[in-house]
Amino acid sequence: MNLYLKLLSGSLRSRMQYKMNFLVSSLSYGLIMAVDFVLLAAILQRFNDVKGWNLYEVGLLYGISSVAITLYRVFGVEIHNFERYMVEGEFDSLLIRPVSPLSLLLTKNLDLSRIGGTAQGVIILVISIIGLSLDSFDMFLLLLYLPISIASGVVICFSLGLLTATFAFWTQRIKDFQTFTLYAPFNAANYPMNIYPGWLKIIFFTVIPVGFMNYTPILFLLDKGGSIWNLAWPPAVALGFLFLSLRFWHFGIRHYHSTGS
-10 MNLYLKLLSG
0 SLRSRMQYKM
10 NFLVSSLSYG
20 LIMAVDFVLL
30 AAILQRFNDV
40 KGWNLYEVGL
50 LYGISSVAIT
60 LYRVFGVEIH
70 NFERYMVEGE
80 FDSLLIRPVS
90 PLSLLLTKNL
100 DLSRIGGTAQ
110 GVIILVISII
120 GLSLDSFDMF
130 LLLLYLPISI
140 ASGVVICFSL
150 GLLTATFAFW
160 TQRIKDFQTF
170 TLYAPFNAAN
180 YPMNIYPGWL
190 KIIFFTVIPV
200 GFMNYTPILF
210 LLDKGGSIWN
220 LAWPPAVALG
230 FLFLSLRFWH
240 FGIRHYHSTG
250 S
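According to the numbering used here, the residues represented by the sequence shown are -10 to 250, in order.
Source of the hints: derived by calculation from the structure; they are not laboratory data.
Mixed in with the good hints there might be a few duds.
Derived DEER-like restraints, expressed as beta-carbon distance ranges [unchecked claim]:
hint	residue 1	residue 2	range
1	Ile137	Arg73	17 to 25 Å
2	Ala225	Gly78	33 to 41 Å
3	Glu77	Ala225	33 to 41 Å
Distance condition first, Cα-Cα at most 16 Å in a straight line; then the derived EDC-like pairs of lysine to aspartate or glutamate [stated by the list, open to error]:
hint	residue 1	residue 2
4	Lys164	Glu77
5	Lys40	Asp212
6	Lys213	Glu72
7	Lys164	Glu72
8	Lys97	Glu79
9	Lys213	Asp127
Where a beta carbon is used, it is the ideal one built from N, C-alpha and C, also for glycine.
Model the full assembly from the supplied sequences, consistent with the hints where possible.
Following this line, the structure appears as structure tokens:
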């Protein structure tokens, strides 16, 4: 753990040498995400709700999803760019280090510009929570559970990213596949799952379990259905998905063959 923290600290110091670039990138990324939500808000104001979910309720889903995916993208840069390690033969250099390849990937580069998106997600959460007008107990329960929901979302994001990156051990080229599996499902998670057809909901609760990180717990917390078990599912699914992705990652490493370049 100490070695991991030292690697992370070194990467952070390296990125912070360019403070103006960090500031501009963060503001730009946050602004892009804010515009997306403003467009969504305009649509909801026109039609009042989406399948029984009003603007503030959808904002809660949107905020959790935004914070989770941007936090993952802060430290998951090299996982998302893993294709380069296969195509250019850079993965060999990670295997000869005394630290696990995954630890090196997670600490090699931090995309601090994503923090702008995280801040934007937090702002949307705050506005949405204020607009919900919940009673004291429900508000307390929601605030208590939000960190668990976000943490579960980060783990699910990471697990999905690692799972898709692992396919590069056999296919090498995975960039388009990674982009699809990361952005399509998490954009879908910004909205209530009940707006999607049955076959798509099955995917979002099994193969790509993004429905568990925000929709499942919020459904119960806003008294829209489900039971207390809705609060247990997100961390349980996140840990299970993480276990499977790590096993698949180690399986991929065992079957890795150097490109020789």
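Hints versus structure:
1. Between Ile137 and Arg73, the C-beta spacing of about 34 Å breaks the proposed range 17 to 25 Å.
2. One distance hint, 33 to 41 Å for the beta-carbon pair Ala225 and Gly78, holds here, with the actual separation near 39 Å.
3. One distance hint, 33 to 41 Å for the beta-carbon pair Glu77 and Ala225, holds here, with the actual separation near 38 Å.
4. About 14 Å separates the Cα atoms of Lys164 and Glu77, which keeps this hinted pair within 16 Å; it holds.
5. Our distance criterion of 16 Å between C-alpha atoms is met by Lys40 and Asp212, whose separation comes to about 15 Å.
6. A C-alpha spacing of about 42 Å is found between Lys213 and Glu72, which places the hinted pair above 16 Å, so the restraint is violated.
7. Of the supplied pair hints, the one linking Lys164 and Glu72 holds, its CA atoms being roughly 6 Å apart against a limit of 16 Å.
8. Between Lys97 and Glu79, the direct Cα distance comes to roughly 13 Å. Compliance with the 16 Å bound is thereby established for this hinted pair.
9. Between Lys213 and Asp127, the direct Cα distance comes to roughly 13 Å. Compliance with the 16 Å bound is thereby established for this hinted pair.
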